[in-house]
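Model the full structure from these sequences, guided by the hints.
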Amino acid sequence: MSILARWSKVLSKFKVYPPGKKCFWGEVGNAIVAPQKNTAGSAQLKELRYMSELRVRFAPSPTGYLHVGGARTALFNWLLAKNRGGTFILRIEDTDVERSTKESVEAILEGMKWLGMDWDEGPFYQSDSFPLYKEYVQKLLDAGKAYKCYCTTDELDAKRALAMEEGRKPKYDGTCRERSGQCDEQPYVVRFRAPQGGVTAFDDLIKGTITFPNEELDDLIIQRTDGTPTYNFCVVIDDASMRITIVIRGDDHVNNTPRQIQLYEALGFPVPQFAHVPMILGADKARLSKRHGATSVIAYRDMGFLPEALNNYLVRLGWSNGDDEIFSREEMISKFDISNVGRSPSVFNTEKLLWLNAHYIKNGDTQRLAGLLLPHLSRRGVTTLGGPDLMAVVKTLQERAQTLEEMAERAVFYYNAPVSYDEAALAKFDKELLQAVCTAVTEKLSSAPLGDIAAIDALFKEVCAENGWKMGQVGQPTRIALSGGTQAPGIGEIVLTLGVEETLRRIQKMKEHLAAK
RNA sequence: GUCCCCUUCGUCUAGCCUGGCCCAGGACACCGCCCUUUCACGGCGGCGACACCGGUUCAAAUCCGGUAGGGGACGCCA
Numbered sequence: 074m075s076i077l078a079r080w081s082k083v084l085s086k087f088k089v090y091p092p093g094k095k096c097f098w099g100e101v102g103n104a105i106v107a108p109q110k111n112t113a114g115s116a117q118l119k120e121l122r123y124m125s126e127l128r129v130r131f132a133p134s135p136t137g138y139l140h141v142g143g144a145r146t147a148l149f150n151w152l153l154a155k156n157r158g159g160t161f162i163l164r165i166e167d168t169d170v171e172r173s174t175k176e177s178v179e180a181i182l183e184g185m186k187w188l189g190m191d192w193d194e195g196p197f198y199q200s201d202s203f204p205l206y207k208e209y210v211q212k213l214l215d216a217g218k219a220y221k222c223y224c225t226t227d228e229l230d231a232k233r234a235l236a237m238e239e240g241r242k243p244k245y246d247g248t249c250r251e252r253s254g255q256c257d258e259q260p261y262v263v264r265f266r267a268p269q270g271g272v273t274a275f276d277d278l279i280k281g282t283i284t285f286p287n288e289e290l291d292d293l294i295i296q297r298t299d300g301t302p303t304y305n306f307c308v309v310i311d312d313a314s315m316r317i318t319i320v321i322r323g324d325d326h327v328n329n330t331p332r333q334i335q336l337y338e339a340l341g342f343p344v345p346q347f348a349h350v351p352m353i354l355g356a357d358k359a360r361l362s363k364r365h366g367a368t369s370v371i372a373y374r375d376m377g378f379l380p381e382a383l384n385n386y387l388v389r390l391g392w393s394n395g396d397d398e399i400f401s402r403e404e405m406i407s408k409f410d411i412s413n414v415g416r417s418p419s420v421f422n423t424e425k426l427l428w429l430n431a432h433y434i435k436n437g438d439t440q441r442l443a444g445l446l447l448p449h450l451s452r453r454g455v456t457t458l459g460g461p462d463l464m465a466v467v468k469t470l471q472e473r474a475q476t477l478e479e480m481a482e483r484a485v486f487y488y489n490a491p492v493s494y495d496e497a498a499l500a501k502f503d504k505e506l507l508q509a510v511c512t513a514v515t516e517k518l519s520s521a522p523l524g525d526i527a528a529i530d531a532l533f534k535e536v537c538a539e540n541g542w543k544m545g546q547v548g549q550p551t552r553i554a555l556s557g558g559t560q561a562p563g564i565g566e567i568v569l570t571l572g573v574e575e576t577l578r579r580i581q582k583m584k585e586h587l588a589a590k
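For what it's worth, this note's numbering labels the leading residue of the first sequence as 74, then goes sequentially.
To be clear, the hints were calculated from the coordinates, so they are not data collected in a lab.
All C-beta atoms in this analysis are idealised placements derived from N, C-alpha and C, irrespective of residue type, glycine included.
Incorrect hints may have been included.
Said to hold, decoys possible - Below are the DMTMM-like pairs computed for lysine to aspartate or glutamate, each with C-alpha atoms no more than 25 Å apart in a straight line: (1) Lys543 / Asp525; (2) Lys504 / Glu539; (3) Lys590 / Asp503; (4) Lys543 / Asp530.
Stated by the list, open to error - Across the chosen pairs, the derived CB separations fall in these ranges: (5) Gly281 / Glu238: 29 to 37 Å; (6) Ser493 / Asp169: 53 to 61 Å; (7) Lys543 / Ser493: 23 to 31 Å; (8) Asp169 / Glu496: 56 to 64 Å.
Structure below.
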């Protein structure tokens with residue numbers, strides 16, 4: 074008996090599938106084994122150990138951008154992989170050739186990268202595996218676990234409609250299930266011969282045990298008329314061949330799970346564990362969609378959100394670690410676990426996201442923020458060339474902006490001197506006072522060298538003391554002169570950032586404006 | 001219609017498995033006060049929930065049953 078023959082005998086004691094090349098493996102206890110030739114050229118059992126090694130995947134379909142729901146699912150997968158030293162795989166589910174686009178793939182990858190979710194394997198494309206799927210379809214056909222169905226779409230639609238009308242479950246009635254005649258010239262689909270009677274159950278890592286009566290499941294189509302495989306079939310083949318151990322996905326897939334399990338069993342594949350993450354809802358508690366505002370991850374980037382803020386927000390949507398709210402990337406990784414993922418859907422709340430974003434802006438690295446701010450400034454036609462140091466500008470705005478967009482908006486005045494003033498705010502002061510303040514401030518600033526913020530503030534206090542003014546009478550007019558409005562950083566901050574020369578120029582401009590009135 | 005799932009402050013949630021420490025804790029938002037030259041930051045305080053009904057128990061947010069509401073799925077989409 075040859076070594077290989079001996080091994081196949083050994084393996085035959087376990088579940089070995091398929092009896093061909095690609096997925097030649099078996100289960101031994103909690104481990105997965107596969108025959109492999111060693112350096113000496115003889116076969117040996119290699120333990121793949123994939124039951125203990127965590128392998129997860131994110132499998133979006135490229136029919137649009139990466140939305141926040143998908144991003145959260147990806148994040149949970151990614152975090153679990155990082156937490157357990159597992160492998161995170163990215164797989165593009167593009168079996169629907171009609172709706173899948175290259176642009177969508179790009180958009181998804183862009184979103185993933187922006188959020189900092191790197192993948193260990195992939196991206197794999199299902200469209201690359203069509204021959205593999207075909208092979209397995211044929212296997213099921215040969216084993217009598219699948220059959221050809223010649224029912225037309227119109228017939229099916231009619232039956233479905235009728236069933237619905239009569240209050241029955243609109244499932245396939247099994248017309249072709251026991252059909253014997255061969256008529257391959259006619260178009261056909263391939264259906265899975267699902268077990269009848271009994272139940273299919275699984276222990277969901279998030280929702281607990283979920284049981285479906287097989288009665289509810291019909292013979293699903295695994296191959297279309299045009300010969301392409303369908304989603305439920307592909308996922309099973311892919312997840313099995315990629316040796317996925319935990320399938321974490323949106324809970325809109327719960328209903329697909331029992332049929333997939335039946336497929337795993339029919340194919341002889343080990344069944345992975347499942348974790349179904351509840352949906353993200355809009356403010357009206359309906360499934361999050363475009364009409365709720367932005368759902369694209371990239372849209373959040375463009376609105377001036379930081380990736381760490383969105384990640385932090387997303388991880389807290391459905392998952393918790395006691396009362397903790399702020400998580401650094403490392404903390405997320407070390408603390409994340411699916412057992413702390415909630416079972417109920419959650420509403421996406423932009424207010425809280427804004428709060429987190431403000432937090433990360435406030436505590437973020439100034440230099441990095443300055444870099445990130447650039448595109449938002451140029452979108453406003455602002456050039457930083459020749460103006461104050463952007464780092465200094467950002468520093469004055471960090472605790473005043475919730476988004477980079479807002480920061481850019483508030484930064485404009487530093488680079489573009491005001492061309493008009495908030496007249497309503499100006500009207501609160503007498504013209505004479507305004508002019509006197511301008512003169513006094515100009516004198517004070519030009520007589521002393523610029524120190525730090527505290528020193529400048531002290532100068533203003535001196536102006537007040539010397540003239541018997543209150544701070545509000547001096548600070549506010551100066552602020553208007555420098556920024557054009559009333560909402561701006563502290564006077565000291567502005568003056569220091571703008572520089573004395575520019576400050577005096579702007580005050581002079583204000584004086585001229587007043588004189589012309 | 002059928003099946004599956006879900007239900008703690010407006011929102012995100014802790015607590016639920018292992019009943020008493022919970023007349024339910026934290027966070028966002030909101031309101032008020034303080035700080036303050038504006039806007040913010042920050043500090044302090046307030047408002048505010050166990051969907052409902054019944055059962056088990058000395059004791060229930062926690063266990064059991066039912067009801068209601070919400071969501072999802074039912075495709076030759078994924």
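Point to revise | Violating hint indices (sorted, rising) | key: Nothing - there is no hint that the structure violates, so all of them hold.
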